[in-house]
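Student: Sequence lines, in order, name chains E, P and S. FYI, in this note's numbering the residues of the first sequence are 954 to 1352. FYI, in this note's numbering the residues of the second sequence are 15 to 296. FYI, in this note's numbering the residues of the third sequence are 71 to 408.
Hints listed in this document are in silico derivations from the structure and should not be mistaken for laboratory results. Glycine included, every Cβ here is placed at the ideal spot set by N, Cα and C. Hints may contain errors.
[Claimed, not checked] Derived, one-sided and incomplete: chain S residues facing chain E with beta-carbon distance under 7 Å:
id	residue
1	Leu95
2	Ile104
3	Tyr190
4	Ser194
[Unchecked claim] Among chain E residues calculated to face chain P with C-beta under 8 Å, some are:
id	residue
5	Asp1046
6	Val1048
7	Arg1142
Each chain is listed here by its residues.
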Amino acid sequence: MSTLTTPSSDRATSTLEPEHDRSAVRREVKRVRIGGADPELLTHVVSAAAGALGLVWLVYERLVPMTGALGFWLCWYVAFLVLLAAVSATTLDRVGVTDRLVGTLVTTAGLVLVSCLAGIVLFTVVRGWSALSHVNFYTQTTAYIGPEAPLRQGGVFAAMVGTLEQVAISVVLSVPLGIATAVYLSEVRGRLARAVRTVVEAMSAVPTIVAGLFIYSMLILKLGQERSGLAASLALSVSMIPVVTMTAAVVLRLVPGGLREASLALGTTQWQTVRRVVLPTARPGLVTAVLLGVARVIGETSPVLLVAGSTNELNWDPTHNPQMSLPLFVFTYMRMPIDNAISRAFGAAVVLLVVVVVLFALARILGGRPPGHVSRRKLRRLARHRQARARRLESETVR
Amino acid sequence: MTLLDNAEDHTLTLPAATVDARGGTPATLVADGVSAWFGDHQVLDDVNLTMPAGRVTALIGPSGCGKSTFLRILNRMHELVPGASLAGEVRLDGHDIYDPARRPIESRRRIGMVFQKANPFPTMSIHDNVLAGLSLTGRRLRGHAVDELVERSLRSASLWDEVRTRLDAPGASLSGGQQQRLCIARALAVRPDVLLMDEPCSALDPTSTRRVEETIRAIADEVTVVIVTHNMQQAHRVSDRCAFFLAAEGQPGHIVEQGDTDDIFERPEDQRTSDYVNGHFG
Amino acid sequence: MTSPQITGATGAAAAVQARAARRTLHTRPTTQDIGFVAVARSAAISTLVIMGLIGVFLLIGAWPALKSQGLHFLTRTDWLPETGSFGIASLLWGTILVGLFALCVAVPLGFGAALFISEYAPRSLKSSLVTLVDLMAAVPSIVYAMWALFFLQGHMLEIAQWLSVHFGTVLPFLRVHTPDSPSSYTSSAFIAGVAVGVVVLPTVTSIMREVFAQAPIGEREGAIALGATRWGMIRAVVIPFGRAGIVGGIMLGLGRALGETIVVYAIISPSFDMTTHPLQSGTNTIAAHIATRYSESNGVSMAGLLGAGLVLFLFTLIINTLAGVVVSRSRSGAATEI
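Isolated chain E (complex conformation) (with noise of 0.2 Å):
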């Protein structure tokens, strides 16, 4: 940053000490200063979580009816609580002693929420790694071993399987349905839009398992159909469409109306409008939406229980014969007592978490990605046109 400035045609202004002069109050260097942090919080919070330590190590066990390290833990925050309000009232006031709790309180559970997720995932992972450390894990199926066999046989392919078959049936059902209905609240905005945004929303919060319970009650009481894959995908859907929809109706919603305007005033007609305007401005935020319910209904466990059954076998065809899938795979097995069936259950789980989590950053890049984004490829591609072009028009000029 500059030192000196140029003396412009500003008046000279005078500070409240009359012997400075001028010279003196253009200083060399300018100090820079960025307002917030307060050192002095950090000796605080130091010294209390010191303090607490040290008392609690030497009264716990005798005086506090506790045992065990979460006790301990337990009762070195809350003197630590204490302790830090003591030591901040020697230099704040109610107020800023009261602020400073408060922080404490919430960053505590900010933290908390952190190591939660933390903490499943990583434990998840811990005890699912010597299944999945083998490759039979992941190509074989568990149809002919028993649960007590050991982890270099049988795997989870035949639940792989069968989860992408369902959730590829219920992707097929679930979004055409939703997006058009999501057109449907947005762009026609008919008489029905306000009964039908409030049953979507009450379709979104049915618990799965009513929802397994009403195509098992359906389609496999009342119209007599075995269980099988599709009628997992069915249930599946019945979760999915409204998570779709609502999504798609927000992005949509946030299209600009004078990109609409723009094009209805060309003369097109509403359909032309949605389908070249709207829609395509919206891909980003529509692909979202399909990934978001395709992440909310993978890892279901009681629409499947019910409706899918259960089978080691490999089912390659979903409208027959019970199929297995991952989420019911993790269920079967982690009820056994039996170390090998638990880590095969694990690894099931991290199998469906690493899923859930590439949906998810999926969804966020290409979510976020801006209306008109152009890939690479097609940039090339582009290129590639415009000097192919540029070489004709060269060449016909010379001629």
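Position chains P and S relative to chain E; hints supplied.
Tutor: Leaving out everything else, chains P and S in the frame of chain E:
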């Protein structure tokens, strides 16, 4: 027309005994070599300005030359923007408010602010809005003192007669001009030494503007007022001293000329000042 | 239509009358648009139909049970369809109990975490934290179930025992039959409730956070300019603004907790008394009960399960609709999507 020439007319230093004055007595605010940046983009360059106690100082100039930024530096709101930084000192009664030993909230309690868009707390009644400054900072008054304070603040803001019968109505139920005067009352209730006003009338109709301007003139002996305004005629009507800010294309803002309001408007020394006050641009 | 020509004063009155008469506008949609609107409308109607079907089929399926039990369906506590006597009273009780425990965990933590993310976290971390919470909401509940069964339960036993031993004399509902043996604390409503609380935590957090983030900056600055501390500003501006979002978040969390099946199933050992000792093992919720019994039920007992499902469906429907109404009618919720 330097400040030195007028030094004898103003009390520029207060006696040492009142250095940590309990609010209510106007104080002098001095900006010394203040420059400001948002990230790497400099928006103010070497601003030196004395805002004398008990007087109304207006900051005028076209939009975008850093007047509001400068105002926010005066009560330590500038640093709330991520990436904001500044250089120089701002002294309230001789003490730099940016001294690391001072907390921002202490400075903000002595230097109040009224915003361009009136922001009374909608979930609180008019009565509670006026007291909000005290309750937020943990100061409590008892019984009779509470009602006295509410009445005194609302009178200072020229709002008492209009709301005396409905102090329990929600703060947002008033008209725009009344809301702005409520915000002034709220700011005055904590007895600050300085009141900063960021274009307080720009969103108001002419009648409300007039009421607010009358209020500003009336409170000047309670607090030092620093007002940013777009409206030159308002500056002429309301202020005792003026500072004309300007920012050339791509340059940070700075003060071109400052002095008594009459001098700035009738006998400007700089051509740019003369152009601005005569409406040739802005 | 061309406006009438006004010629002279005599035409003035007629002209005024003509100008004042409003026109009705006719739009004739193109074939394309007729088709488009028809398709969109039928899609919307089919969602209505699906929802209606859910209610209808549950009702049809449950009818035999409801007919045989009548109102006792809601008041009987045991589940013995073979003897013709079954009711969901204990299931309802257990569902509510687990839901309340879940809220006890999820609401304070969620409120604190939402405040942390929206007000206290460093700006660079904010979007990562929001993504983290969304991710946590997307983790399948079976993963939570495994974590709860193999990790959480072990640690909760300690806490449950401590609570029972030290406060059991004062608060009778904390008592347990055999307080000294740790196994009497397993598979309890308490542990299931805490696990469900963790499942519901991200939902509660993200709704509250979204609402807090919308508190208007003008009011925030007003509070800060008065010299309020951060907590003072939050208490004066953010929380009053977000009140409806807080209530809505709590209700949505409750709705989600009531329907949680797999986590509860994994933890509890089913029992059918209306337990007044949540720390003790043994409880049951509607969802877990359905998951437990579906395979061995047919005929009347299956109808009973369907009836239980119907009650759960109505329950969650009401709670979620109320939550939606509360949120959308507030300043904060008008822009929030649940």
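Student: Run every hint past the structure and note whether it holds.
Tutor: Hints, one by one, checked against the model:
1. Because the smallest distance between the Cβ of Leu95/S and any Cβ of chain E comes to about 15 Å, over 7 Å, the interface hint for this residue is violated.
2. For Ile104/S, the interface hint is violated, since its Cβ never comes within 7 Å of a Cβ in chain E; the closest pair sits about 9 Å apart.
3. Taking 7 Å as the C-beta cut-off, the interface hint given for Tyr190/S holds, the closest approach to chain E being about 6 Å.
4. Because the closest C-beta pair between Ser194/S and chain E is about 13 Å apart, greater than 7 Å, the hint is violated.
5. Contact between Asp1046/E and chain P, as hinted, is supported at the beta carbon level, the nearest pair being about 6 Å apart and thus within 8 Å.
6. Proximity of Val1048/E to chain P holds as hinted, the smallest CB-CB distance being about 4 Å (cut-off 8 Å).
7. Violation of the interface hint for Arg1142/E is found here, the shortest Cβ-Cβ separation to chain P being roughly 31 Å, above the 8 Å cut-off.
Checked against the numbered hints above, the structure violates hints 1, 2, 4 and 7; every other hint is satisfied.
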